[in-house]
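The sequence shown begins at 0 in numbering that gives the first Met the number 0 and counts up one residue at a time.
Note that these hints are calculated values from the structure, not bench results.
No farther apart than 27 Å at their CA atoms in a straight line, the calculated lysine-lysine pairs in the DSSO-like style are these:
id, residue 1, residue 2
1, Lys185, Lys160
2, Lys390, Lys376
3, Lys330, Lys185
4, Lys160, Lys135
5, Lys206, Lys245
6, Lys40, Lys57
7, Lys317, Lys303
8, Lys434, Lys355
9, Lys271, Lys185
10, Lys434, Lys361
11, Lys271, Lys245
12, Lys160, Lys376
13, Lys376, Lys105
14, Lys160, Lys271
15, Lys56, Lys67
16, Lys206, Lys271
Ranges between beta-carbon positions, derived for each pair:
id, residue 1, residue 2, range
17, Gly112, Phe375, 18 to 24 Å
18, Lys317, Lys390, 35 to 41 Å
19, Gly86, Asn23, 36 to 42 Å
20, Val20, Arg296, 25 to 31 Å
All values derive from a computational prediction rather than experimental measurement.
A virtual CB, placed ideally from N, CA and C, is assigned to each residue, including glycine.
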Amino acid sequence: MAKSTDFRYNTGATRVPWAAVGENYNAHDLMEIIRFLMQGKGKEYDDALVAVWEQVKKLDAISTPPGKLSTGAKVEEAEALCNEYLGTDTSTFVTNATSGFEIAYKYANLEPGDEVIVPAITFVATMAYPLSIGCKLVFADIDPRTANMDPADVERKITPKTKMIVPVHIGGYPVDLDPIMEIARKHDILVLEDAAHAFGATYKGRKIGTIGDFAAFSFHEVKNITSFGEGGIVTTTIPGFGPEMKRARFLGLDFSCPIKDWLYNITAIPGKNHPFVASNYSTTEIQGLGLSLQVRRNEEIIAKRRAAAEYLNRRFAKCDAILPQLMGDDKTKPTFHMYLLRIDPKKAGGDIQVLKRKLTEKGVTNIPHFGPLYRFKVVSDMGYDVDAIAKTCPNCEELFYHRFTHLPLYGLDDDQMKYMADAVLEAIAEMQAGK
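Based on the sequences and whatever the hints tell you, model everything.
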């Protein structure tokens with residue numbers, strides 16, 4: 000008798016199963032995956048592939064394929080590891096952080112005209128859902144030390160229509176959350192943490208992901224850890240909503256009240272004020288396996304990134320035109336997804352745009368990826384007055400156009416780190432000399 004592998008088709012042990020996986024991957028497919036994950040060329044590489052192929056054929060002859068490729072035991076294992084790591088019991092593995100945001104936004108029952116406060120600097124994913132349904136985006140100015148949302152400006156921009164505040168932990172440095180949570184509780188506003196860069200960060204001794212009403216982490220290929228290129232974890236502190244997020248991930252699937260003669264039902268997900276309809280954000284078993292492998296070494300990865308940031312701070316300490324990356328303390332610990340390079344334009348002899356051009360000429364990657372969110376054309380396309388918004392975010396305008404860029408921190412050897420530090424110092428010396 001064949002063992003049941005999928006609730007949709009195998010309802011018990013059977014002699015005639017309906018395979019949950021339509022077409023299995025075979026030994027040839029596996030070899031292509033190995034070639035992709037371990038790329039190389041030359042005779043030594045080719046000989047090694049031949050040897051691996053011989054072993055894969057032997058393994059193929061005695062192995063059986065998995066009976067589940069989506070949202071099964073490996074996804075559950077990844078969620079359990081994230082729960083243990085974060086100190087929660089609500090981790091839900093979804094296709095990406097953006098889909099995690101959508102679950103939180105839908106829970107808030109956002110409607111056209113509702114206001115959502117987002118930071119002036121972040122990635123477009125933060126604002127995509129509320130913008131798409133006709134909410135009014137309100138852009139909070141930033142703290143010039145961190146490029147994170149400024150709680151004081153958030154408070155100034157609260158109105159009776161404000162439904163959500165979305166702090167973003169840029170570069171993995173925690174936002175000052177206590178005042179934001181205090182403001183939110185005072186006005187009955189939900190807080191969604193965009194923690195895309197912040198898996199493993201702590202704020203005043205508490206793990207990011209256990210503070211706001213919701214938090215979503217990204218495991219996209221450029222993040223500190225990944226789940227084979229894409230994926231996300233969403234968490235919540237809303238009492239009783241953790242199990243509902245699992246249903247919100249897959250179309251509201253409900254086994255508690257099956258339709259007559261069916262295995263299950265589809266029901267709405269409870270929101271803050273009324274139910275909402277779920278979407279499909281399911282993830283694969285391969286993604287779950289990939290995330291589990293990397294979660295286990297996340298602390299080691301953060302330590303290496305921190306060491307790289309400390310090295311750059313030491314090298315830049317002799318140049319008073321450079322403001323050092325904040326390193327946190329015993330209670331507030333960043334993930335060092337990127338190095339925040341800030342300068343004093345007067346002392347540097349020019350602004351950050353000059354420095355960025357010089358670094359590019361010297362072959363040093365710098366990352367002007369996070370800029371004023373309101374300057375994306377989609378914002379003006381939706382009827383916003385960009386110039387008027389810019390006037391409400393003076394720190395953002397000053398920091399982005401004159402004072403900061405990001406440097407890479409990971410995957411560089413000692414020579415590359417030294418060259419990058421030398422290049423920054425040399426470039427500023429040239430600027431100071433008027434070259």
